[in-house]
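S.K.: Below are the chains, spelled out letter by letter.
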Amino acid sequence: MKILGSFLRRPEAGAILSLLAVIAFYVFFGGVHLERLVKAASWVNFAANLGVVAIPVGLLMIGGEIDISIGAMIPAGSMTTAILSGYYGLPIEVGMLGALSIGVLVGLVNGLLAVRTAVPSLIITLGTLVGMQGVVLSGSVLLTGNTSVSLEAPYWAKFMFGQLMGGTHQVIILWWIAFALIFAFVLHKSRFGNWIYAMGGDKKSARNAGIPTERLTIILFILSATSASFVGMCQAILFNSAQVSGGMSYIFNTIVSVVVGGVLLTGGFGSVLGFFIGTLTFAIVSQGIYFTNIDRNWSNLIIGTMLLLAVAMNETFRILALGYPAVKKKEVRA
Amino acid sequence: MSDTIPVLELRKVDKSFGPIDVLHEISLKVNKGEVLCLLGDNGAGKSTLIMNLCGVQQPTRGDILMDGEKVSFQGPKDAADRGIATVHQFGGTFPLMSIGRSFFVGVEPTKGWGPFKIYDRKRANEIAVKAVQDFGITRIDDGDRLVGGLSGGERQSLAIARAVHFGARVLILDEPTAALGVKQAAHVLRIVNEAKRRGLAVIFITHQVMHAMAVGDHFAVLIRGAVAADFKRGDKTREEITDLMAGGETMADLEANIAGYMETHDGHPPTIVA
Chain Z
1 MKILGSFLRR PEAGAILSLL AVIAFYVFFG GVHLERLVKA ASWVNFAANL
51 GVVAIPVGLL MIGGEIDISI GAMIPAGSMT TAILSGYYGL PIEVGMLGAL
101 SIGVLVGLVN GLLAVRTAVP SLIITLGTLV GMQGVVLSGS VLLTGNTSVS
151 LEAPYWAKFM FGQLMGGTHQ VIILWWIAFA LIFAFVLHKS RFGNWIYAMG
201 GDKKSARNAG IPTERLTIIL FILSATSASF VGMCQAILFN SAQVSGGMSY
251 IFNTIVSVVV GGVLLTGGFG SVLGFFIGTL TFAIVSQGIY FTNIDRNWSN
301 LIIGTMLLLA VAMNETFRIL ALGYPAVKKK EVRA
Chain P
1 MSDTIPVLEL RKVDKSFGPI DVLHEISLKV NKGEVLCLLG DNGAGKSTLI
51 MNLCGVQQPT RGDILMDGEK VSFQGPKDAA DRGIATVHQF GGTFPLMSIG
101 RSFFVGVEPT KGWGPFKIYD RKRANEIAVK AVQDFGITRI DDGDRLVGGL
151 SGGERQSLAI ARAVHFGARV LILDEPTAAL GVKQAAHVLR IVNEAKRRGL
201 AVIFITHQVM HAMAVGDHFA VLIRGAVAAD FKRGDKTREE ITDLMAGGET
251 MADLEANIAG YMETHDGHPP TIVA
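Going down the list, the protein sequences come from chains Z and P. Residue numbers for the first sequence follow this note's numbering, beginning at 1 and rising by one. Residue numbers for the second sequence follow this note's numbering, beginning at 1 and rising by one.
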């Protein structure tokens, strides 16, 4: 009973229950073929691509900000890699460095605007989202005369970033797991993580306590934009080509994933494990539906319902977390 | 006490925003182990005074002295480094953080080495719980508990214990009892007395005269940005202080007015016309 109580108080409780509920739903109502679902690569690949972006976006949301410019940073990353190393034939290292640099640059702009102006980060990153779409499209047309560029990556780059493990599973799955472990360490074990929570809880008090909130905000924005351009880079290397379109679906998919994962929209609450499971849940709903006999057109309805249920659960658990376990012994007042 | 050097002293401090004078020639001092109660109605300039004391704003004119030496705070961090701690009305400000984590925000204890330095949860929790219990809050015994789950009085106590633990010498309490019930407020007043006993200089800001009289050694009444009265414990009665705060119109007059009205109106109090 006590174990259950402390489980429900954790930020990722809602995500874990959502995952179980979705699987149960697919088993009972969808006649899902579980063995095929587990062995399938489609949803794992989908989750990994999404998850690499969702974790830093989740961290940003714990810190009280949001970044939707990632929707443009994924094509920006893949196009930069493809244009530099494919169209101009420069070494792949140059293309990769270019892709990551553009992520750092846009993240820096987002971060600086967020700390220097009073404009909410949703609007700032909406601006850089639309702006970067323009830059990517016109840049691509100007430089290559095309909106799609092919790329031939050398073996080592393919191996590291664009390999299909066992012919089906993208290597980015390993990157996702590595990202999750690193960020979990940072958020839950390091001082830096405590600062992110404090900043999201109350920015003014955090600053008064000596936390460099401005620098922290900028770093978080750089991390989210760069992780998006990293995903774009991996996709270009995997598919041997890049297009200017695409990436927009990532905006809402990341937000749904981290919200299901237990983040509080106003900041100050959430966990990396929650983001990880939230992403997994999202991927199983949207991709796992192909393994059921439910018409796949329904998947968005399921996602919407799941989102609302998960948020309602998370709210309840948060209230629980604020209270104290009733089973705890009553202390005699001194 | 007149021969000791005050820990914190204000000399003719003015603060203006453009043409508007919010504070006018404020002179105050507070000694070690003494509670200075700053009384004033809403809008009297209490908040502006606090902001000048804790480094958020700088006075337009006048001097702030610590231990007899002139100081100028560059920001809240600077003031905090010099031992000035401010605890605001709602005390603990990170409701979704654990007691241990919020206690050590910005100065987290770590263990390990290099990039693998990790936050030492066990030590943080132990120190935080001990610091709070030393102030007599024995109900807090688990550092993993979230701050938001504590009562208002407990949060205040936690914030005060935190300030004392990190070496505060001057404790500025901004309306610590305003949002609290009677029992909780009594709790906080006990903590204030404990802080005083430990030799801190306490500036207690309130508009509740009862609470001020329970702990104060020295009182200053602020009216429209100026110190209207400055007196010691026992010099004035509660009624006199309340009258002062209301700006001259005595509470007794007001009560007499209402009583007179009620006599002529079948015992109904006057209706308020906005």
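Since the hints were derived computationally from the structure, they do not count as laboratory data. Fair warning: there could be bad hints in the mix.
Unchecked claim - Straight-line C-alpha distance at most 27 Å; calculated BS3-like pairs for lysine-lysine:
| hint | chain 1 | residue 1 | chain 2 | residue 2 |
| --- | --- | --- | --- | --- |
| 1 | Z | Lys189 | P | Lys117 |
| 2 | P | Lys232 | Z | Lys204 |
| 3 | Z | Lys203 | P | Lys122 |
| 4 | P | Lys70 | Z | Lys189 |
| 5 | Z | Lys203 | P | Lys183 |
| 6 | P | Lys183 | P | Lys130 |
| 7 | P | Lys196 | P | Lys232 |
| 8 | P | Lys77 | Z | Lys203 |
| 9 | P | Lys70 | P | Lys12 |
| 10 | Z | Lys189 | P | Lys111 |
S.K.: Are the Cα positions of Lys183(P) and Lys130(P) separated by 27 Å at most?
M.R.: 23 Å, holds
S.K.: Given the hinted pair Lys203(Z) and Lys183(P), is their alpha-carbon gap at most 27 Å?
M.R.: Since the Cα atoms of Lys203(Z) and Lys183(P) sit roughly 31 Å apart, the hinted pair is violated (cutoff 27 Å).
S.K.: Regarding the pair Lys70(P) and Lys189(Z), is the alpha-carbon distance no greater than 27 Å?
M.R.: Distance of about 42 Å is beyond 27 Å: violated.
S.K.: For the pair supplied as a hint, Lys232(P) and Lys204(Z), confirm whether the alpha-carbon distance does not exceed 27 Å.
M.R.: 36 Å, violated
S.K.: Hint check: Lys189(Z) vs Lys117(P), CA-CA at most 27 Å. Holds or violated?
M.R.: 8 Å, holds
S.K.: Holds or violated: Lys70(P) with Lys12(P), Cα cutoff 27 Å?
M.R.: 13 Å, holds
S.K.: Does Lys189(Z) pair with Lys111(P) here, judged by a C-alpha cut-off of 27 Å?
M.R.: This hinted pair holds, its Cα atoms lying about 10 Å apart.
S.K.: Lys196(P) and Lys232(P) were given as a pair; does the straight-line alpha-carbon distance stay at or below 27 Å?
M.R.: Holds - the C-alpha atoms of Lys232(P) and Lys196(P) are around 16 Å apart, at most 27 Å.
S.K.: Taken at face value, is the distance from the CA of Lys122(P) to the CA of Lys203(Z) at most 27 Å?
M.R.: 26 Å, holds
S.K.: Within 27 Å, alpha carbon to alpha carbon, are Lys77(P) and Lys203(Z)?
M.R.: 14 Å, holds
Going down the numbered hints, you'll see the structure goes against 2, 4 and 5, while the others check out.
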